[in-house]
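Protein chains in written order, with the numbering used here: chain A, 1 to 776; chain B, 777 to 1065; chain C, 1066 to 1225.
Each hint should be verified, as a subset may be incorrect.
To be verified - Computed beta-carbon distance windows for the label pairs:
(1) B/780 / A/234: 35 to 43 Å
(2) B/799 / A/692: 33 to 41 Å
(3) C/1122 / A/142: 48 to 56 Å
(4) B/962 / C/1121: 52 to 60 Å
(5) B/1038 / C/1151: 52 to 60 Å
Stated by the list, open to error - Simulated pairs of lysine-lysine, DSS-like, Cα-Cα distance not exceeding 25 Å:
(6) A/449 / B/1009
(7) C/1220 / A/554
(8) B/788 / B/799
(9) A/449 / C/1162
(10) C/1221 / A/606
By construction, these hints were calculated from the structure, which means they are not laboratory data.
Model, not experiment: these values are computed from the prediction.
Note that the Cβ used here is the ideal one computed from N, Cα and C, for glycine as well.
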Amino acid sequence: MGVRYIGAEVQRMEDPKLITGHGRYVDDIVFDGMLHAAFLRSSQAHAKIHSIDASKASALSGVKRVFTLADLGPNYERRMNQLYPAPVIEQNKTQYPLAKDEVCYVGEAIAVVVADSRAIAEDALALIVVDYETLPAVIDVRTALEDGAQLAHSDATSNLMGKMRSKFGDIKDAFSKADHVFSAGFMQHRGGCHSMETRGVIARDDPWGDGLTLWTSAQSPYLIRRALANWLGEPEERIRVIAPDVGGGFGPKAGFYPEEIVIPLVARIMECPVKWIEDRQEHFISTTTQRDQYWDLEVACASDGKILGLKGKVTHENGAYIPYGILLPNSSLTPLPGAYSIPAIDVGLDIVFTNTVPNSPVRGAGRPCGIYAVERMVQVVSRRLGIDPAIVRRRNFVRPEQMPYETGAKLRGGDPVIYDSGDYEALLDKALELSDYNSFKARQTEARKEGRYLGIGISSCIEDTGMGPYEGTTVRVEASGKIVVKTGAASQGQGHHTMISMIVAENLGVTPEDIIFESADTGKFPHGIGAIGSRIAANVAPSAFDAASKVREKALKLAAEILETAEADLDIEAGIVRVNGAPDVSISLGELAIKLTPPSSTRVPKGFDPILEATSFEGSSGSPIASGTNVAEVEVDIGTGEVKVLRYSVAHDCGVMINPTIVHGQIVGGVVHGIGNALFERMIYDDQGQPLTMNYGEYLLPLASEMPRIDVAHIETPSPLNSLGVKGAGEGGTIPAAAAIIAAIENALEEFSVEIDYYPVDPQYLTGLLEASVAS
Amino acid sequence: MKPAAFIYHDPKTSKEVIELLSKYEDAKILAGGQSLMPMLNMRFVVPDHVIDINGVKELDSVFDNGSSLEIGAMTRQSNLSKSQDVKTKTPIFLEALGNVGHFQTRNRGTIGGSLCHLDPAAEIPCLMAAYDAVMIAEGPNGLREIPFSEWPLTYMIPSLEPDELLIKVRVPYWNSHHGYSFVEFARRHGDFAIIAVAVLIEMDGKTISRASISVGGADIRPIRLFEAEEVLKGENLDVRVFKSAAEIARKVDAMSDAYVTSSYRQRLAATLVERALVQAAERVSRGEN
Amino acid sequence: MPDYRNINVVVNGVKHELDVETRTSLGDFLRQEIKLTGTHLGCEHGVCGACTVLLDGEAVRSCLMLAVQANGHEITTVEGLAEEDGSLHPLQEAFWKHHGLQCGFCTPGMLTSLAAYLGDNPEPNERDLREAISGNICRCTGYQSIVDAALDAAKKMRGE
Ligand SMILES: Cc1cc2nc3c(=O)[nH]c(=O)nc-3n(C[C@@H](O)[C@H](O)[C@H](O)COP(=O)(O)OP(=O)(O)OC[C@H]3O[C@@H](n4cnc5c(N)ncnc54)[C@H](O)[C@@H]3O)c2cc1C
Ligand code: FES
Ligand code: FES
């Protein structure tokens, strides 16, 4: 074997262009004759549309055309398809690409202007007159299921989209045997995507040439191709979807949006390329988000803190449509029972329509909510019984010797959730050590003397990562000796280019710099699934490893014949196959590639297929379960209610780390996203459904100034489910963060015995709790 | 998010600015652009004419006239922080300016722009209230002096005629060893404060002879806590006195909006007034200034 | 009746003279007219900092300036940070080494902001740097690696 790359802190291959301003994001792509689009979006949360008058707008100089739904063509007055059909969906509401006669949230696209420039297109938007008849809107999910509630869709039977339930074990028995039953109710709010690059689409149609091409800022180009082909009724092969450099995704870019239908159709009709770049205001109201979940849980436990059962009910706010199936609510339930062996669970979940932006997963999807719920109940048990939260965890963890451990829950596809590997107590120990947990009491007492309130909080989690079915990789040696690596896996900053190149380079005896990497282009690789659910490493890495191994085998076999030696005596180093012990007998990979792609009237060596290439779709045989424990230390200013995160420690296990630097970046970035959820980010609507927090002064993303330094330690328990032992790492920082922060706040305010029942925790809410506590 | 079209003007003197203002009905002055440009981009403001005063060099000056500091309207926030006069004579400005947005926005944002934009929670208006600064506007009929107490007409509306331009502010000095403190509470660094408090005190021996407390963000304009100032006068630097001043702050008129209730604003006002007084007292007793 | 002005600007050392519509922001001008797409627009309302460029050496938001206002000034964008021979600015080196970027969208604004900041503040500590970049939003990195990169670059720039 040549140089080892797997496990090394290799500097990223994608960085040189990005640090010098040479990235190629959608908005950086320009074509001759390209027109610019802007969407007219509903200003009403719920309304009938009686008419749309675009005559003034169409007449504006520089405007090429204004399209409403009817203008797209008679075949296209159809709703979008459900991306992920599921029996749970009782009322399948997807939107029209442009609204037909009813709008159901502020931001729903109604018309599109195509003009010489974006500025002119926006000028025209102001001239379009929509005759709305305002309908009552339903905004508060808590009352949406009450009798007589207003309906989010005028033709719906109720606001219930569907119901689901996670149920296993003997819940009755658990509660009847329990020494204690405690209950807690809490609201969890998760906000939007807010990737720094907004969405954007360019479409170009060339019916006699390349067909329809889309450049779109997306996580799942193949899903877009299929969804668009299905909707248009056209072959996939004539549609090419390219995700160029993408400036962050975090879930909401994994879907298929109305603009990805409208812009291609408009480009086709106008016979020229059309660009639409979402602006930040649109992002707030047209990119899918997460919203509120209300949880009411009861936990049954023994007096030593051993948890016997968990039951309750969740109300999940879904927004106005279900573009993305039930992935989000489903993944809220699958993480129960968290890192613990809880024998019985029965939690039901109602998915409810409101007149707000439709839902999709955001970093972690429902997992942060499910884990928060479990961790919350562990916190409740610990506080009510007066047992240290670390000890309660120790008494409940699933232990390594129980693995593979089947929890009883089901994954989306119906497979059982099985904890494949991990050592949750070791992670706890590591996190406690990193955070100086044992000396915290002394710190706390010392600070209290100065009138400062410190608190510490723990949160442990598991994460089902790497869901299947596959991602694939093709590895090909070209005549120059360069290695072409192609995959369907799209990156939004996670460093796939580097990670995959490292694997291929190590296996093939080349350097990562020898690799020409192509991804996220449906024209270059036949199929892929998408960068969601921390699934890329666990799927694509084994495929890259396998494809490279096959190319290596083929190269060695051919070289052995040519060099007249045994394969076992050969090794590849710096792209050259050499005979061990005879350094001048060699042949380069490039030369071997030429042998397999010979000129006309010559032969391919006998027994070989042409081309020094292999493709593999090898992945994981199940969902590798990553795990971690986070410890947050906070200070609460009781004068203002401000929470400062002083210290944050993470112990994480994502199996074998291919590139620890990249993993570290994923964890730290994920934690900060989680802290944002816990303390800052909140998308607020008024009771009429008007969004209020529509800019970055009001919607509070975490900034460097408020974020702590995050200490990260790793334990590597290889997953038995794939050849490299890897598990996903993209969301493991986010999932446990809110629970750790909130436990820490409660701990800091122990003497006021406040109980936090929602997040994001804002200072005003905290001072309210303090005032109520002092008053009683 | 592209601005609607407008006609752009770039006058070089304040006289030209006033002529343009008199001539055009729907004109907007563009200073640092850190508040106006977002509103143009979002099309919340769609003026026919934009009058860029960045080329009016006479408005960009910081001048010590012996008894007060005269700050030209176009003085950039970052440049004011670099002024030696500010460092020695009005050090509270440094403390406040560090919270006005971020260094990149301070490189463009101006003193006059902030005073005309008049966000209720903005730091610079809060300072001017504490100092009883004098706003100097120029119009077709010449100069007009407006005490800061009369400057905000109502929510985010300064006392300026449509054809008037703010050209400078005059900030009268406090004695050379006054105590000062500027504290604010914002969710994140660089955000507009929820509540901001500016405190100035002067001593006569061991007792407070003069005090100024202004609170930004509570009401639609920065307000002075005259009653609390009276409570301080003649007292020693005593935490109990500061607490009574804070209790007066707790009763300040405060607004409610979609994010923050009036009672939380009042709580913050009380907390921050007490903290600012403690810090100002520490400074004055250490002779820091 | 679009309003146009003729302007002269020097961008990364290169002189440009052209007509711009007066409502065009400096950011759009750089991206669309000068075709330097390294400057990114993340919010167009002054908060995210992705669009930061240097105006006569000082960091400013290019979404909050009109292109006409750059008339007679020198602009440096992320494309102008490296030396002419292609050798990287110490900040670029450090961002690469410390994994100071993931998707890279905030990166141009981070680099330009920090280049200006370190010019004025050669010896910052972590706290200073966190405050300095509080006007630049990064959704990916959690900021830590950016701070580490800046500390390292500052050291290099001080000749240590
Ligand atoms: C991210 C960000 C954070 C910010 N945070 C804060 C903060 O924490 N605190 C704070 O106070 N501000 C904050 N601001 C706003 C601040 O930066 C602005 O500088 C200030 O509000 C306006 O100053 P300006 O020079 O930019 O004025 P402009 O935006 O150019 O103008 C503002 C208004 O004043 C009028 N005007 C300007 N000058 C004159 C004049 N001489 N005579 C008459 N009218 C005039 C304009 O017509 C306009 O209506 C922030 C801005 C941003 C982008
Ligand atoms: S684009 Fe200019 S600050 Fe965000
Ligand atoms: S690297 Fe993606 S926003 Fe900073």
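Quick rundown of the hints versus the structure:
At roughly 39 Å, the beta carbons of residue 780 of chain B and residue 234 of chain A sit within the given window of 35 to 43 Å. In this structure, residue 799 of chain B and residue 692 of chain A meet the distance hint of 33 to 41 Å, their C-beta atoms being roughly 38 Å apart. The hinted window of 48 to 56 Å between residue 1122 of chain C and residue 142 of chain A holds, with their beta carbons roughly 55 Å apart. At about 30 Å, the beta-carbon gap between residue 962 of chain B and residue 1121 of chain C misses the expected band of 52 to 60 Å.
Roughly 59 Å separates the CB atoms of residue 1038 of chain B and residue 1151 of chain C, a value that falls within the hinted 52 to 60 Å. For the hint pairing residue 449 of chain A with residue 1009 of chain B, the CA-to-CA distance comes to about 32 Å; that exceeds 25 Å, so the pair is violated. Note on residue 1220 of chain C and residue 554 of chain A: the hinted pairing is violated, with a Cα-Cα distance of about 49 Å set against a maximum of 25 Å. Taken as a hint, the residue 788 of chain B and residue 799 of chain B pair is honoured in the structure, with Cα atoms around 16 Å apart against an allowance of 25 Å.
Taking the CA atoms of residue 449 of chain A and residue 1162 of chain C, the gap is near 43 Å; set against the 25 Å cutoff, the hint is violated. Between the alpha carbons of residue 1221 of chain C and residue 606 of chain A the distance comes to roughly 58 Å, so the proposed pair goes past 25 Å and is violated.
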